[in-house]
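Student: Take a look at the letters that make up each chain.
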Amino acid sequence: MTSSTTPAVRTSPAPAALPFVERHIGTDAAAQQHMLATLGYDSLDALVDAAIPANIHADSFRTAGDSTLPPAATEREAIAELRVMAEWNTVKRSMIGLGYYDTITPAVIQRGVFENPSWYTAYTPYQPEISQGRLEALINFQTMIADLTGLSTANASMLDESTAVVEGMLLARRASKVAARRFIVDADAFPQTHALLANRAAALGIELAIVDLNEQTTAADLGEYFGVFVQYPSKSGRVWNPASVIALAHEQKALAVVAADLLALTLITSPGELGADVAVGTSQRFGVPMGFGGPHAGYMAVRGGLERQLPGRLVGVSVDAAGHPAYRLALQVREQHIRRDKATSNICTAQVLLAVMAGMYAVYHGPDGLRQIAGQVHEKAGQLAAALTAAGAEVLSTSFFDTLLVSVPGRAEEILARAAENDVNLRLVDGDTLGLSVDETTTLADLSWVVQAFGGSDAFGHVDFGTAVVGLPAELARTSEFLTHPVFNTHRSETSMMRYLKRLADADYALDRGMIPLGSCTMKLNAASEMAAVSWPEFAGLHPFAPRADVEGYLGLVRQLETWLTDVTGYDSVSLQPNAGSQGELAGLLAIAGYHRSRGDTARTVCLIPSSAHGTNAASAALAGMRVVVVACDELGNVDLDDLTAKIVEHTADLAALMITYPSTHGVYEHEVATICRAVHDAGGQVYVDGANLNALLGFARYGDFGGDVSHLNLHKTFCIPHGGGGPGVGPVAAKAHLAAFLPGHPLAQSDEHYLLTPPDEPTATVVHGGGPVSAAPYGSPSILPISWAYVRMMGADGLRAATGAAVLAANYVARRLEGAYPLLYSGENSLVAHECILDLRPLTAATGVTVDDVAKRLIDYGFHSPTMSFPVAGTLMVEPTESEDLAEIDRFIEAMLAIKAEADAVAAGTWPADDNPLHNAPHTAQAVIAGEWEHPYDRETAVYPLASLVRGKYWPPVRRIDNAFGDRNLACSCPPPEAFE
Amino acid sequence: MADTSELQYTSEHEWVLVDGTIATVGITAYAAEKLGDVVFVELPEVGSAVASGTVVGEIESTKSVGELFAPVNGTVTATNAAVVDSPELVNSDPFGEGWLIKVEFTELPALLSFAEYTALTGE
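Line order of the protein sequences matches chains A and B. Numbered by the numbering used here, the letters in the first sequence go through residues 1 to 982 in order. Numbered by the numbering used here, the letters in the second sequence go through residues 1 to 123 in order.
By construction, these hints were calculated from the structure, which means they are not laboratory data. Misleading hints may appear alongside valid ones.
Claimed, not checked - Using 30 Å as the maximum straight-line C-alpha spacing, the simulated DSS-like pairs for lysine-lysine come out as follows:
| id | chain 1 | residue 1 | chain 2 | residue 2 |
| --- | --- | --- | --- | --- |
| 1 | A | K253 | A | K177 |
| 2 | B | K102 | A | K901 |
| 3 | A | K342 | B | K34 |
| 4 | B | K63 | B | K34 |
| 5 | A | K954 | B | K34 |
Turn these sequences into a full structure, and let the hints guide you.
Tutor: Below is the structure:
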């Protein structure tokens, strides 16, 4: 090598990197040929064409190549385009408040959790033995919420604050014995919460009464009601004592729901101590960026006696087979997937990744640190109040924590504009009044710019802040302790925190360890390039109600993604607002209801749902105010056409919709889907196609082509948003033009116009989404939309199609290789499955006594996450390999499943007793195989190294099999004392 | 534990022990087995009126929720507090310690005999 001051001239182009599609899809051409040969097909297209009914194939509806998706970009190009959009956003100091506050994400949490695939690529902890890390992180979160709110039990997070308030209303409705369908709502609550309550209450026939609640409110002001909702502190910033209002509610057996600010609760009396039955809110300001609205973890906590009424996920403590404490999801049968249309909530997803971050913020700062942060926030608000008063403005707030209302008659807009020039966004209340919220990041320098905008600085721009005004009423000072558990008082050094995060991550099995072949969950690659933009300040730092001029980059990204999603689904317009699949379902069904109502078809309230559907479908329909009628399925798992026809005839007058999943929840392309859609349309109904299984269709068929009127898509499945260990999710709803006006809108949206597909020769058009909101923020969880944007941008139409082909190939390959050992429960045309296959273990259980649980837990010993257990059919395993797994990993899984079958056969043959064998005792911890005498009829190597390949790369579960019944009979949902682990 | 051949049954897998005008009600061993580990039992209030065939309570296991139907019209005279505290009694002794409610009735509807119920479950 010669040294030179001039750069060497490159004589040939740099070697081209593999296109992204080849990074995303795990199987290369040679592997695919091998797999196709196993199945007897010579190309991916031939395989998929044989599996998908010809009459729904996209090619029969439009010419191949008509896609409007841009050609695939490289990873570098996509990131460069995102950079441009990021630069169109303008991040100013936000003082808008309304439930969203800037916050400092501790760098150790940013790097150790938010940007760490060990945390963000994990699935919902349905297999608790391999999820102890995030279950502990979630129980920290629950303990934090329960402590701060002063209530006994908190769940593992809600989707956002406003949906949590809605859930609080629904909880009050079912727990209260009051007959009146009337709910009292604090007039001084956040506007987005008011809008969500109105939308959701209307669907259920609940009457809302908006009342100015205060210490003087009397029973006569309120009438008869089942629940009351209080914002604490209020939207205006007021800190008042709602104890008397809560007492009034209890006098007439109504429940009190209080939305409380977690940071304020470190200084003021908790809702629980004031008598509240339910507390809700958001944990955003505990270290989770505003992200233009989300995702963040909402929360809900309840008093003793209401635990079983909690919606969503709840983590509890139980014991494992060795009697050691172990965490797992508690009281799971409360959830919608079991109760179906009797469910009173359709919430499935939590916001696990964000709840973990918020919980860790409390772990890192501890009670003293949090109190100090809150104290500084309040002090700065008080200094601002003093300086503004000195500047001649009238501070209207007589009590406050972090938010002030300031009267500036006739000058509000002018001052707002001047503050914006100083890079600060204030909240315009009306022409005479401004709102200002201080947060953890606010500095005195920031406040100087604000005061200057009010004309309160001297000629040199200097502001004299003087003595802070105290805004917290002495009678509400918090006296009770919180966060006394050692976990919140140990990890003060970054070294200690880093190692705690690492220890928890090491306890878990995520995609960074191996395949997670969960059927119906689509655990595909979450590429690093897709994730890159999420933490950029231009995407992370925006307030959801920032002025339009500040968010043009986001609006451009939203518009582009809406366009692309309409293209790939065959619909005309998309709303990205729903922040979970369940919320997308609800939004779609509410759009259908709105459409029928607009035509005077008010009697159309029946929703047909096949018996094979996911339970959430029925729960969503019930919450949209519809009546569920179940349609039978035949023995092949398809919708029973005779029963469907009979039900349609029976409900000719009141048929609102059919909800159908395609491909079906059985993982099969139903042949008759187009016929089914036509029959529903002929009867005046609308067709809702559940997009949970879109990964089996993208590029080959489109819901809108074959009869769908509306669908939700799971961006956290098909479009690569990571599962985050059980959230965030994004569930956009896509609809035909006639439903577009009924898609969810938002009163605070920067733009209410959305993309509307027009024929190629017509100018582009927009449509106003005029339905009520289903999420607190106008665009739901926008900060993670760059992930799906990047996926589509880097795959292009051909890449998306190739991914579908590879996913279908992988599922059929697994099915073919395993069907000799485990019968395949369902298949469609040419004996092919879609992107997943159901292995029937019931014959094995009957013959050997080995259960689905035994196989699932034994897979842990083999280094795998189990496929989906007992859904949609009890006693089965549903396998979805996805396109991202390579052949070696798929073969490793097959090898493990075959070895487990051989072990089960040995049990059947009597080689091992039914109650003492490697399956029954699985999973095996390191401690279980080294401690004491080994007294089992199989050896230690069989227990933990059943395959030689495991010796060099073994995942060790931290606990043995967990006793579910013990945990549900002895419910404990906060951090156990350290002695429990000794 | 009651002699199961002496009990009457419903198609909802409940057993009924009739003593004068009082019907003691529980779920059968077959139902308990199908439900799995019972973790929670919710029973109606003593003194409440119940109508035959309506849902009056819930039996929750780790994997499912079963509904308790009233087999007769009448008034609840007693509920089993022991089973509320220790729901596992439904699994360990469904025909005895795991009884659920007692209902005072005026008229006994037609119920299934042991033979009829056994034929229903095929066991």
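Student: Confirm or reject each hint.
Tutor: Outcome of the hint check:
Among the hinted pairs, K253(A) with K177(A) is consistent with the structure: their alpha-carbon atoms are about 7 Å apart, no more than 30 Å. Of the supplied pair hints, the one linking K102(B) and K901(A) is violated, its CA atoms being roughly 48 Å apart against a limit of 30 Å. Taking the CA atoms of K342(A) and K34(B), the gap is near 20 Å; set against the 30 Å cutoff, the hint holds. For the suggested pair K63(B) and K34(B), the alpha carbons sit about 10 Å apart, so the restraint of at most 30 Å is met.
Restraint check: the Cα-Cα separation between K954(A) and K34(B) comes to about 37 Å, which exceeds 30 Å; the hinted pair is violated.
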